[in-house]
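Number of protein chains: 2
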Amino acid sequence: MTASPDDSIALVGFDADDTLWRSQDYFDAAQLEFERIVGRYVDLGDADAQQRLYELEKRNVEIFGYGVKSMALSMIEAAVAITGERISGADVHRIVGLAKDLLQHPVELLPGIAEAVERIASRHPVVLITKGDLFHQEAKVRRCGLAHWFGRIEIVSEKDASTYARVLSEFDLPASRFVMIGNSLRSDIAPVLQLGGWGIHVPYHTTWAHENEADVAADAPRLRVVRDARELPDAVAALAAQAHAS
Amino acid sequence: MTASPDDSIALVGFDADDTLWRSQDYFDAAQLEFERIVGRYVDLGDADAQQRLYELEKRNVEIFGYGVKSMALSMIEAAVAITGERISGADVHRIVGLAKDLLQHPVELLPGIAEAVERIASRHPVVLITKGDLFHQEAKVRRCGLAHWFGRIEIVSEKDASTYARVLSEFDLPASRFVMIGNSLRSDIAPVLQLGGWGIHVPYHTTWAHENEADVAADAPRLRVVRDARELPDAVAALAAQAHAS
Chain A
1 MTASPDDSIA LVGFDADDTL WRSQDYFDAA QLEFERIVGR YVDLGDADAQ QRLYELEKRN
61 VEIFGYGVKS MALSMIEAAV AITGERISGA DVHRIVGLAK DLLQHPVELL PGIAEAVERI
121 ASRHPVVLIT KGDLFHQEAK VRRCGLAHWF GRIEIVSEKD ASTYARVLSE FDLPASRFVM
181 IGNSLRSDIA PVLQLGGWGI HVPYHTTWAH ENEADVAADA PRLRVVRDAR ELPDAVAALA
241 AQAHAS
Chain B
1 MTASPDDSIA LVGFDADDTL WRSQDYFDAA QLEFERIVGR YVDLGDADAQ QRLYELEKRN
61 VEIFGYGVKS MALSMIEAAV AITGERISGA DVHRIVGLAK DLLQHPVELL PGIAEAVERI
121 ASRHPVVLIT KGDLFHQEAK VRRCGLAHWF GRIEIVSEKD ASTYARVLSE FDLPASRFVM
181 IGNSLRSDIA PVLQLGGWGI HVPYHTTWAH ENEADVAADA PRLRVVRDAR ELPDAVAALA
241 AQAHAS
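Heads up: the protein sequence lines correspond to chains A and B, in order. Residue 19 in our numbering sits at position 19 of the first sequence; the count goes up by one each step and never skips. Residue 144 in our numbering sits at position 144 of the second sequence; the count goes up by one each step and never skips.
Everything labelled a hint here was simulated from the structure, so no lab data went into it. Where a beta carbon is used, it is the ideal one built from N, C-alpha and C, also for glycine. Check each hint, because a few of them may be wrong.
[Unchecked claim] Dumping the calculated DMTMM-like pairs for lysine to aspartate or glutamate here, alpha-carbon to alpha-carbon at most 25 Å:
| hint | chain 1 | residue 1 | chain 2 | residue 2 |
| --- | --- | --- | --- | --- |
| 1 | A | 58 | B | 6 |
| 2 | B | 100 | A | 55 |
| 3 | A | 100 | A | 118 |
[Said to hold, decoys possible] Here are some chain B residues the structure puts well away from chain A; computed CB gaps all over 12 Å:
| hint | residue |
| --- | --- |
| 4 | 8 |
| 5 | 11 |
| 6 | 32 |
| 7 | 41 |
| 8 | 74 |
| 9 | 90 |
| 10 | 104 |
| 11 | 125 |
| 12 | 227 |
| 13 | 228 |
| 14 | 238 |
Isolated chain A, as found in the complex (with noise of 0.2 Å):
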């Protein structure tokens, strides 16, 4: 047990997409345009081809890693598997030019992230520890206004429980002492519980299917659910007061 209780946790990790700023409603948006590109050539009212790109891309995953660009590639070979290589060079372009754009979009920051981070960051060591391709997440700290709060910012290829392991030695620190705030169960939550460590789960509105197969307890002990940035200060207390107790 530690002094307060406030020095219980000694780190706090942040995820960044749909956890700090908007990410997949850019992503779905360029998935519905896919489609409207696609849909020229075939009729995708079975919700067919939806399922065929998330196949593939979970096969391509593997090869590609997550991130802008594999999406795209995907999308592509996707959309000449579809159309049974109909597709034109101008729509294939469009498809590049969808990556492209994602690319370049502002940083939308979530509402009270901000404050949140501030507070929070206040009372805590925090850092930010973020998957997906390094370019283009490096691009977004850079805009996102919040990078000086973070002590480290930690940009990794999977986030699964070897990778928490290997931050948290770096920072020679057990998971008990360790809280991680994201939107993903599959990639910010379940692998932190599993190490002892805690977790906020701060769930988006939308979500890519992927990121929520995982085996969670929503009773979970070392879990908060909150529904709000602005209620993550108080649950971090809350985790905080409660590895002080035990």
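Mind docking chain B on chain A? Use the hints.
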């Protein structure tokens, strides 16, 4: 001045692509295959396509960053442009396939490098500092069999003076105690010399034109050039002696 010449150098950085393992050859082979695909639509006798791809690639690096996926999206965009949108779906798919092949090929270490890393690591802390796609670089680091020698692996989006300054500040080291080893004058040597560090240039038989766009004098006093990885341990020792004497 420090106790022994070895101590005057406190960190040795290695580049990865075309310094530890073969990389540009695979890109060159993909480029040839790309030209073969596009050459079925237009006469590439004037080498114009290569120039247009290079120009497009340079512009796209600003948006996409480096790496295989960026290259593939650039190639697809160039193929659409060069063929006047006549490129077929099947050929677009072949270009996506070039990217998949590049991402999955085995890692082929350069001759003598495994022994050189081991010898240098027995005298100095060594780190790997590499640029490019996080997912792909991590995959290659895992497969290369040398990862255990490196105290740290930094995968960065751009290797410029500010990146090296950040890495050195995390090690709390002045540049004057750092040697960087790599094949790219632009990314490995020039920024480190600029900071007051030491460089060992190991030219590779083929290097992306972009990477040789650097203003480094061949007789720069803090630079060594070696032609073979087997000469690296002696080159590091020579620089350490020079640093010790200065």
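Hint by hint, here is what the structure shows:
Distance hint between residue 58 of chain A and residue 6 of chain B is unfulfilled; the C-alpha atoms sit about 49 Å from each other, more than 25 Å. Only pairs whose Cα atoms come within 25 Å are accepted, and residue 100 of chain B paired with residue 55 of chain A is accepted, the gap being roughly 17 Å. Straight-line distance between C-alpha atoms of residue 100 of chain A and residue 118 of chain A comes to about 32 Å, which puts the hinted pair past the 25 Å bound. Every Cβ of chain A is farther than 12 Å from the Cβ of residue 8 of chain B; the closest lies at roughly 27 Å, confirming the non-interface assignment.
Distance check for residue 11 of chain B against chain A: the nearest CB is about 17 Å away, which clears 12 Å, and the non-interface claim stands. Against the 12 Å criterion, residue 32 of chain B stays outside the reach of chain A, whose nearest CB is about 20 Å from its own CB. The Cβ of residue 41 of chain B does not lie farther than 12 Å from every Cβ of chain A; its closest approach is about 10 Å, which violates its non-interface assignment. Chain A draws residue 74 of chain B into its interface by the beta-carbon criterion, the shortest separation being 9 Å against a cut-off of 12 Å.
The beta carbon of residue 90 of chain B is not kept farther than 12 Å from every beta carbon of chain A, the shortest such distance being approximately 5 Å. At the 12 Å boundary, the C-beta of residue 104 of chain B falls inside the reach of chain A, the nearest C-beta of that chain being 6 Å off. Distance check on residue 125 of chain B: its Cβ is at least 15 Å (rounded) from any Cβ of chain A, clearing the 12 Å threshold; non-interface status holds. No Cβ of chain A approaches the Cβ of residue 227 of chain B within 12 Å, the least distance being about 32 Å, so the stated non-interface status holds.
The beta carbon of residue 228 of chain B sits about 31 Å from the closest Cβ of chain A, which is more than 12 Å, so the claim that it is off the interface holds. With a least CB separation of 33 Å from chain A, residue 238 of chain B remains clear of the 12 Å interface cut-off, as annotated.
Hint check: violations occur at hints 1, 3, 7, 8, 9 and 10; the rest are consistent with the structure.
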